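Student: Next come the chains, spelled out residue by residue.
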Amino acid sequence: MAFVNVRNLTYAYPLTKQPALQDINLQIEEGEFVALIGANGAGKSTLCYALAGFVPHFFKGELQGEVEADGKLSSQSTLSEWTLNVGLTFQNPFNQISGAKYTVFEEIAFGLENIGVPREEIKVRVEEALALTDIRELARRSPYSLSGGQQQRVALTSILVMRPKLLVLDEPTSQMDPVGAKEVFSAVRKLAQEGMTVVMAEHKTEWIARFADRVVALKEGRILMQGAPREVLTSDLLFENGFGVSRYTSAAREARRRGLWTKKSLPVSLDEAAEGFGAIR
Amino acid sequence: MNIEIKSLHFAYPDGTEALKGISLTIASGEQIAIVGQNGAGKTTLARHLNGLLKPSGGTVFVGDWETTQHPVAKLAARVGYVFQNPDEQLFSRDVLTEVSFGPRNLGYAKEKVDALAQRALALTELSEKTEVNPYDLSPTWRKMVALASIIAMDTPIVVFDEPTTGQDAANVARIARVVAELKREGKTVIAITHDIDFCAENFERVVALSRGQILLDGATRDVLGQEAVLAQTYVEPPQLTRLGKRLGLKETVVNQEELLQALKK
Ligand SMILES: Nc1ncnc2c1ncn2[C@@H]1O[C@H](COP(=O)(O)OP(=O)(O)O)[C@@H](O)[C@H]1O
Ligand SMILES: Nc1ncnc2c1ncn2[C@@H]1O[C@H](COP(=O)(O)OP(=O)(O)O)[C@@H](O)[C@H]1O
Ligand SMILES: [Mg+2]
Ligand SMILES: [Mg+2]
Chain A
0 MAFVNVRNLT
10 YAYPLTKQPA
20 LQDINLQIEE
30 GEFVALIGAN
40 GAGKSTLCYA
50 LAGFVPHFFK
60 GELQGEVEAD
70 GKLSSQSTLS
80 EWTLNVGLTF
90 QNPFNQISGA
100 KYTVFEEIAF
110 GLENIGVPRE
120 EIKVRVEEAL
130 ALTDIRELAR
140 RSPYSLSGGQ
150 QQRVALTSIL
160 VMRPKLLVLD
170 EPTSQMDPVG
180 AKEVFSAVRK
190 LAQEGMTVVM
200 AEHKTEWIAR
210 FADRVVALKE
220 GRILMQGAPR
230 EVLTSDLLFE
240 NGFGVSRYTS
250 AAREARRRGL
260 WTKKSLPVSL
270 DEAAEGFGAI
280 R
Chain B
0 MNIEIKSLHF
10 AYPDGTEALK
20 GISLTIASGE
30 QIAIVGQNGA
40 GKTTLARHLN
50 GLLKPSGGTV
60 FVGDWETTQH
70 PVAKLAARVG
80 YVFQNPDEQL
90 FSRDVLTEVS
100 FGPRNLGYAK
110 EKVDALAQRA
120 LALTELSEKT
130 EVNPYDLSPT
140 WRKMVALASI
150 IAMDTPIVVF
160 DEPTTGQDAA
170 NVARIARVVA
180 ELKREGKTVI
190 AITHDIDFCA
200 ENFERVVALS
210 RGQILLDGAT
220 RDVLGQEAVL
230 AQTYVEPPQL
240 TRLGKRLGLK
250 ETVVNQEELL
260 QALKK
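Sequences listed follow chains A and B, in order. 0 is the number of the first residue of the first sequence in numbering that gives the first Met the number 0; add one for each residue after it. 0 is the number of the first residue of the second sequence in numbering that gives the first Met the number 0; add one for each residue after it.
Okay, chain A solo, but in the shape it has when bound (with noise of 0.2 Å):
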């Protein structure tokens, strides 16, 4: 039985007629990471949404369908009943920053005080979060005085703590370094290595490539298509619906339109682009 049952959802906002998921029928494995991607407005952050229980307990609209975690209906559960097995960061970080804290380490400790953990453990935890994201310079500063990708980090930071069997991050990475980024990829392997389950909508295709164990493509609240990162991010289905790949996908295909590319399938990693393209030297 899989972790996440997404069965036949269709959702749509309040006083909107277009539904935002259409049909989504959805099987994730304990301790997979699956990547959604997709254009603006496909439907990955309403997906990310439902997951995390906030469609349809705190947007309201139209839904049919259900979403299952860990044996359990999120229609069947209240938002704080939900959000114990489930973390999600939003896509603005600055929407995540609860406002009633000072420094960094109380914003990230503040959802542990929240359901009672002990002080002790509390700072340990804090500690290992810190550590997990690279931010314990940043202790003791005030959330707000932080830039954009700092404060993304504390956003995530502030999930991790947690340790949520189910982790939603909508775009996590977007405002973050190009390290820092392909660093949190791999942090989110780890923990799915561990036995967390990941949903993670993102653009970043190199680092899906090499870290993710699935994508699933979106397109206008549906779903295009789904697999192993290479087999979907090298199709042709997603080149014909203009969906972003990595250079060394598009440099591939271009070369192969030249005739310069001779192998069959097309590189997803820098790896992959090295040999390929090292055989036509």
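There may be inaccurate statements among the hints.
[Said to hold, decoys possible] Okay, the calculated beta carbon distance ranges per label pair:
1) E80/A / F90/B: 35 to 43 Å
2) T261/A / E130/B: 47 to 55 Å
3) E250/B / F93/A: 36 to 44 Å
[What the hints assert, rightly or not] The calculated SDA-like cross-link candidates involving lysine to any residue, where the alpha carbons are at most 20 Å apart (straight line), are:
4) K53/B / S144/A
5) K264/B / A273/A
6) K263/B / S249/A
Because the hints were derived from the structure by calculation, they are not lab data. None of these values were measured; they are calculated from a predicted model. Cβ coordinates follow ideal geometry from the N, Cα and C atoms, glycine included.
Keeping the supplied structure of chain A fixed, place chain B with the ligands upon it in accordance with the hints.
Tutor: Only chain B with the ligands this time, still in chain A's reference frame:
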């Protein structure tokens, strides 16, 4: 209109030293990308260009104006600044009003305001969305509105703070077209970005900041080829530059055409 920054220092009220001696000359009509790790001081630097922040030490000149000597409202006629977070910038109830606000505020006549707004809307492909409330748009389209509302002011210098953040491939391509058009019009474009591939493909000069100081400054190819130095500020060279290096190409390639040409040799 040149920008001349001399020994710029800046500390926030809480004591955080964000800029520690920046000197930079930007010539009229240049396209510059500013890269560097989170917290390097990119936004702080950008906010000095339109006078939102005033130096704690050193000077910033925009043309013949020193920014401390002129109010932000005046500087707005010379430097347009698109915020990293559009929600700090947008406040009107529909897109057209939002985009017209800047030029109107600069005191232009109604016909000119309308013309500038329509041009900015066309350039950002927002012409179909003029009646929508910006807050009913997705965050990514709100960013495009923020961009349009600054372009509409028709300033000789435009500063974009992380314009491609969270954008899909189609919007990144739109933003690239905007940069190209502004270049064609002879405007100075300064963009802060983490998208190094976008940077390589659309800018001729790159400045890398690290911990409040300039780490590298030069032609795009020269800066983005320096993998080890860039790593100090958490930046990696573009994908195709890394690929060219791996393939042992003698010259640094920064885009697809250069790579394919180099391979033919
Ligand atoms: N709060 C909302 N109210 C009404 N419509 C919304 C809301 N949020 C998103 N939408 C719409 O739902 C669709 C999917 O949006 P979203 O899930 O944000 O896409 P993505 O995250 O892939 O960019 C879009 O058409 C968007 O305009
Ligand atoms: N309002 C503020 N108050 C105090 N410190 C700030 C404020 N805004 C930014 N900083 C700090 O100044 C430094 C530079 O920030 P910023 O210019 O936003 O960086 P960047 O845009 O390169 O990510 C960082 O250490 C950041 O935490
Ligand atoms: Mg989204
Ligand atoms: Mg910034």
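Student: Checked against the structure, which of the hints given earlier come out wrong?
Tutor: The structure conflicts with no hint, since it agrees with every one listed earlier.
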